[in-house]
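> Line by line, the protein sequences are chains V and L. For what it's worth, our numbering labels the leading residue of the first sequence as 27, then goes sequentially. For what it's worth, our numbering labels the leading residue of the second sequence as 157, then goes sequentially.
Just so you know, not all the hints are guaranteed correct.
FRET-style restraints, in silico, Cβ to Cβ [unchecked claim]:
(1) Pro151/V - Tyr171/L: 48 to 54 Å
(2) His200/V - Ser209/L: 32 to 38 Å
(3) Ser245/L - Glu137/V: 28 to 34 Å
(4) His36/V - Ile210/L: 37 to 43 Å
Residues on chain V that point at chain L, a partial pick, calculated with CB under 10 Å [to be verified]:
(5) Arg43
(6) Leu50
(7) Ile55
(8) Phe61
(9) Ala65
(10) Phe69
(11) Ser98
(12) Val101
(13) Met103
(14) Thr106
(15) Arg110
(16) His213
(17) Asp216
(18) Ile217
(19) Phe221
(20) Pro224
In silico lysine to aspartate or glutamate, DMTMM-like type, Cα no more than 20 Å apart, as pairs [to be verified]:
(21) Lys141/V - Asp152/V
(22) Lys70/V - Asp250/L
(23) Lys223/L - Asp39/V
Simulated from the structure, these hints should not be mistaken for lab results. Glycine included, each C-beta is placed from N, C-alpha and C at the ideal position.
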Amino acid sequence: MTTTAMEHSHRDDVGSRMGLWLFLFSELILFGGMFIIYAVYRFKHPEEFRLAASELDSFIGTLNTIILLTSSLTVAMSITAIQRDKKYFSMALVVTTLILALAFLVNKYFEWAHKISLGIYPQSPDLVNKPQGEILYFGLYYVMTGLHALHVIIGMVVLAVMVVFIANGKINQHTFVRLEAGGLYWHLVDIIWIFLFPLFYLIQ
Amino acid sequence: MSQPEEHQQHQAISYGRYILIWFGLIALTGATVTFAGMNLGRWIIITALSIASIKSMLVLNIFMHLKFEDRIFRIFVVVAVATLLIFISLTFFDYAFH
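Put together the whole structure using the sequences plus the hints.
This is the structure:
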């Protein structure tokens, strides 16, 4: 009881959320730097970028967009659920998010595996013989979608911990700022994909 | 148990509102894919980025609760995005007039 009282008297939910937002801005600059590189190279090699983009499967990109948007919905709803004291529904929603995240990564795996089987991967003999613009496009494709996928994995770990916290009551109807923080991170991962998707899959 | 910090927490947002936003996001995804299929030439990048920006606004405002946060959060976001846009535009000016 005393520890609970202590926790409450030292709580600053707005400060916690703001801290997470500041972290998200550093993520924005990290990805932003890559978007600048993309923009400049695309400006220099417009035709080659278009040609290279046409080799990506826009169906799988669209499918992954829908999966990630839906995972954002379920994690947002999990906060409403915990606020309404629906503990198990909240857990089910976060677990659904994790399943969707896994589906996203499985699609990504097949997509990359297909590209690699076609001989398109960094420093591959097929790729180095292509024009400069296509090499740059696929380099950026692997680095940016790869870094994004890494964020998906980190987000899955964070959200898995949140499921445990909800289960053991550390996250509850009155104390759910951790779940909000995990959700904010997850939505950022979603927003980055919202930009990666058209830039890599739809510019043909 | 009394909750003196209650005012720091948001009111629960209804499932229906979230689902409505999700429908909007899916519809915009459909729109951007449809536009990409048309022959819009150099307008394609502008429409694609505009739609992506609208989608991001929906995620930021509703899913990330920015609409319900203190004003200082929105000011922070605007400053962060403006900084990024300045970086991008300055880099472009450098390349365009090299």
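> Now tell me, hint by hint, if it's right for this structure.
Going through the hints against the structure:
Roughly 53 Å separates the CB atoms of Pro151/V and Tyr171/L, a value that falls within the hinted 48 to 54 Å. Checked against the hint of 32 to 38 Å, the C-beta distance between His200/V and Ser209/L comes to roughly 36 Å, which is consistent with it. For Ser245/L and Glu137/V, the Cβ-Cβ distance of about 32 Å falls inside the hinted range of 28 to 34 Å, so the restraint holds. The supplied range of 37 to 43 Å is met by His36/V and Ile210/L, whose beta-carbon atoms lie about 40 Å from each other.
Interface restraint check for Arg43/V: the shortest CB-CB distance to chain L comes to about 7 Å, inside 10 Å, so the restraint holds. Hint status for Leu50/V: holds, given a least beta-carbon distance of 8 Å to chain L, under 10 Å. Because the smallest distance between the Cβ of Ile55/V and any Cβ of chain L comes to about 7 Å, under 10 Å, the interface hint for this residue holds. The interface hint given for Phe61/V is met, as the beta carbon of that residue sits about 7 Å from the closest beta carbon of chain L, less than 10 Å.
Hint status for Ala65/V relative to chain L: holds, with the closest Cβ pair at about 6 Å, below 10 Å. With 10 Å as the threshold, the beta carbon of Phe69/V comes within range of chain L, its nearest partner Cβ sitting at about 6 Å, so the hint holds. Below 10 Å, beta-carbon pairs count as interface contacts, and Ser98/V has one with chain L at about 5 Å; its hint therefore holds. The interface hint given for Val101/V holds, since its Cβ lies 8 Å from the closest Cβ of chain L, which is under the 10 Å cut-off.
Proximity of Met103/V to chain L holds as hinted, the smallest CB-CB distance being about 5 Å (cut-off 10 Å). Interface hint at Thr106/V: satisfied, since its Cβ lies 5 Å from the closest Cβ of chain L, which is below the 10 Å cut-off. The beta carbon of Arg110/V is positioned within 10 Å of a beta carbon in chain L (closest approach about 6 Å), and the interface hint is therefore held. Hint on His213/V holds. Least Cβ distance to chain L is approximately 5 Å, under the 10 Å limit.
The interface hint given for Asp216/V holds, since its Cβ lies 6 Å from the closest Cβ of chain L, which is under the 10 Å cut-off. For Ile217/V, the interface hint holds, the least distance from its beta-carbon to any beta-carbon of chain L being 5 Å, beneath 10 Å. For Phe221/V, the interface hint holds, since its Cβ comes within 10 Å of a Cβ in chain L; the closest pair sits about 5 Å apart. At a threshold of 10 Å, the smallest CB-CB gap from Pro224/V to chain L is about 4 Å, leaving the interface hint in force.
For the given pair, Lys141/V sits about 11 Å from Asp152/V by alpha-carbon distance, which is consistent with the 20 Å threshold. At roughly 13 Å between alpha-carbon atoms, Lys70/V and Asp250/L fall within 20 Å of each other, so this suggested pair holds. Note on Lys223/L and Asp39/V: the hinted pairing holds, with a Cα-Cα distance of about 16 Å set against a maximum of 20 Å.
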